[in-house]
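Fit chain B with the ligands to the supplied structure of chain A, relying on the hints for placement.
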Amino acid sequence: MEGKEIYRLERVCYNYGHQGVLPPLSALKDISFSIRHGEHVAVLGANGSGKSTLLKILNGLIFPMSGIVECLGGKVAEATLTGAFLRRFRERVGFVFSEPDAQLFCPTVGDEVAFGPLQLDLPKDEAERRVNELLNMLGIAALRDRPPYTLSAGEKKKVAIASVLAANPDVLLLDEPTNGLDPRTQVWLFELLRGLKELKKTFIIATHDLSLVEDLTDRVIVIAEGHEVAADGPRARYSETRTCYWPRI
Amino acid sequence: MAPVARLPDWFKEAKPDICLTGGRGSRRGFVEKTLANLESFLRDTLYGENASAKQGLLQGITPHVRIAGIIILVASSAMTANAAMLGFIVAVAAIITLASRVSFKTAAKRVAPSFVFTFILSLPVFFSFMTPGAEVFGAGGAGINGLRVSVTREGFFSAAFFLTRVTTAVWLASLVVETTTQGDFFKGMIRLPIPAFFVTALFMTFRYMFILVKIAEDAALARKSRVIRVAALSESQRWFASRATFMLKRSIALAQEVNMAMASRGFNGVVKVIDGKGMARGDFLWLGFTVFVVLLSIRF
Ligand SMILES: Nc1ncnc2c1ncn2[C@@H]1O[C@H](COP(=O)(O)OP(=O)(O)OP(=O)(O)O)[C@@H](O)[C@H]1O
Ligand SMILES: [Mg+2]
Chain A
1 MEGKEIYRLE RVCYNYGHQG VLPPLSALKD ISFSIRHGEH VAVLGANGSG KSTLLKILNG
61 LIFPMSGIVE CLGGKVAEAT LTGAFLRRFR ERVGFVFSEP DAQLFCPTVG DEVAFGPLQL
121 DLPKDEAERR VNELLNMLGI AALRDRPPYT LSAGEKKKVA IASVLAANPD VLLLDEPTNG
181 LDPRTQVWLF ELLRGLKELK KTFIIATHDL SLVEDLTDRV IVIAEGHEVA ADGPRARYSE
241 TRTCYWPRI
Chain B
1 MAPVARLPDW FKEAKPDICL TGGRGSRRGF VEKTLANLES FLRDTLYGEN ASAKQGLLQG
61 ITPHVRIAGI IILVASSAMT ANAAMLGFIV AVAAIITLAS RVSFKTAAKR VAPSFVFTFI
121 LSLPVFFSFM TPGAEVFGAG GAGINGLRVS VTREGFFSAA FFLTRVTTAV WLASLVVETT
181 TQGDFFKGMI RLPIPAFFVT ALFMTFRYMF ILVKIAEDAA LARKSRVIRV AALSESQRWF
241 ASRATFMLKR SIALAQEVNM AMASRGFNGV VKVIDGKGMA RGDFLWLGFT VFVVLLSIRF
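In the order they appear, the protein sequences are chains A and B.
Counting with our numbering, you get residues 1 to 249 for the letters of the first sequence.
Counting with our numbering, you get residues 1 to 300 for the letters of the second sequence.
Next up, chain A with everything else stripped away, as it sits in the complex (with noise of 0.2 Å):
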């Protein structure tokens, strides 16, 4: 398992269509990169970059206009992305959404962790069995049965960080997870971060948070304000430079 490539981009491009009279507008240009099994990698650049674009496409949301996405061996592309592939490819690769609003959809807390196991036919006890687990762990069990629209804005983003671990993905997306979340729960995450890495989890994080990317991640992916790849390599090599690097990004 260890090492093996999980995904393989190829000359991706992504551009926003059907903006009325305006024309089309680029939010990625030839992206090429591939990650391997175990890596822990951070992708930086500026407010509009495309960070948020590129993690929909490593999750299969949107598809690139021209390029190659692989993943788990198959090739992610509207066509591909059906049956048993889809299936295992959304088992594997769990996704949070920098927007905990558009991520929590169900009635409950409760119903809403136990959302994606069910979809992806687990037994009903064993999603049960999950659900009290997770928020146990993340100490939200008392909200259970509350409706997500009234949580807080970081009780929404544990709740969103619940939801997608149910399904015990293998590869994790996460845009921006520290966003509104405070001290104590930044914390929290960073412990939840550490642990998953100790289980071998792969996760591609998109921040602006520098020390998220000190503690927790080995690959710096940075993504210039031209929508391409400025750099990419281990996070070392960006620290000891960081005072003439991080005033680029």
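These aren't lab readings, by the way, just hints derived from the structure by calculation.
Ideal placement from N, C-alpha and C gives every residue a C-beta, glycine not left out.
Some hints could be false.
[Said to hold, decoys possible] Stretch-level coverage of chain A by chain B, calculated; a stretch enters the list once three of its residues show a Cβ under 8 Å from a Cβ in chain B: (1) 89-103; (2) 159-170.
[Unchecked claim] From the structure, some residues in chain B lie toward chain A, with a derived Cβ separation under 10 Å: (3) Thr181; (4) Asp184; (5) Phe185; (6) Lys187; (7) Arg191; (8) Arg207; (9) Ala255; (10) Met260; (11) Gly266; (12) Asn268; (13) Val270.
[Unchecked claim] With a straight-line cut-off of 25 Å between C-alpha atoms, the simulated DMTMM-like cross-links for lysine to aspartate or glutamate are: (14) B:Lys54 - A:Asp121; (15) A:Lys75 - A:Glu228; (16) B:Lys249 - A:Glu99; (17) B:Lys272 - A:Asp121; (18) A:Lys29 - B:Glu257; (19) B:Lys272 - A:Glu128; (20) A:Lys201 - A:Asp170; (21) A:Lys197 - A:Glu133; (22) B:Lys272 - A:Glu133; (23) B:Lys272 - A:Glu126; (24) A:Lys124 - B:Asp283; (25) A:Lys75 - B:Glu257.
Then chain B with the ligands, alone, in the frame of chain A:
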């Protein structure tokens, strides 16, 4: 250090030092109030703190059986052509309301809009030019354009019957809404032999309506924070009309995001839920009773 962005000069002008005193308490704008009402109504219906937490007749019945029974009762009220039978169903609705500890005031609030609407629709039926028959209340031979404007006995009865039938159906349906949480409601629907597509569509519609209202309300608040005086009604209406397409687009974008979040977690068109318990004795009694009522209504 990156250079601090240069602020334009007008930023440096200080506001004159005046004492801020409170103005007259301003009323909330009409649009804002309407939206807030609509939103709280939706919240009540969708997620509401209703009578579902109380101990009562309907609350004690497993959700999908509860919904099925109410659907059967609604069907009976739609099928019967007999006034006494309809009266009986009204009495049943009243008893269920009491036994489920739903207040009549809440039920009336739910029923009122459709009552008014149906009343207006059925107005013509009262009069002789739609329903000929014996006059009970008339303009004494006077008429408009030769039409005799008078209320006939037949007209009165058929309109009243229609009105009662619709009101009873809405009343019964509102009892489900009042005694069931949204989660239980969908779980109940899924367990009933209703096409999954239909339940999913309903689920998405609720979700979407909620997003739309939330966005409209946020927009109203965002506007309020940037406008000083209380806008005239016509002005805020115009503003809202001009923003309607924009808000629709925004809500579609957010709804798309929600769809993505669902797809991301393995959703493929069918909502699956953890099944509740099996049916208990009370459930069979309830179902038996409602089937009895519908058989009666077919007979009469
Ligand atoms: N739904 C959309 N329709 C049109 N353009 C979009 C849409 N979503 C994003 N964009 C545009 O695509 C570009 C990349 O957006 P993206 O959300 O991926 O940026 P990001 O790197 O995640 O930014 P941030 O750090 O602010 O989250 C931006 O220029 C943005 O304006
Ligand atoms: Mg983003």
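These are the hints, each one checked on the structure:
no., hint, verdict
1, 89-103, "holds (count 9)"
2, 159-170, "holds (count 3)"
3, Thr181, "holds (7 Å)"
4, Asp184, "holds (8 Å)"
5, Phe185, "holds (8 Å)"
6, Lys187, "holds (8 Å)"
7, Arg191, "violated (12 Å)"
8, Arg207, "holds (6 Å)"
9, Ala255, "holds (9 Å)"
10, Met260, "holds (4 Å)"
11, Gly266, "holds (4 Å)"
12, Asn268, "holds (7 Å)"
13, Val270, "holds (8 Å)"
14, B:Lys54 - A:Asp121, "violated (33 Å)"
15, A:Lys75 - A:Glu228, "holds (22 Å)"
16, B:Lys249 - A:Glu99, "holds (18 Å)"
17, B:Lys272 - A:Asp121, "holds (8 Å)"
18, A:Lys29 - B:Glu257, "holds (22 Å)"
19, B:Lys272 - A:Glu128, "holds (13 Å)"
20, A:Lys201 - A:Asp170, "holds (5 Å)"
21, A:Lys197 - A:Glu133, "holds (19 Å)"
22, B:Lys272 - A:Glu133, "holds (20 Å)"
23, B:Lys272 - A:Glu126, "holds (14 Å)"
24, A:Lys124 - B:Asp283, "holds (23 Å)"
25, A:Lys75 - B:Glu257, "holds (23 Å)"
Checked against the numbered hints listed earlier, the structure breaks hints 7 and 14; every other hint is satisfied.
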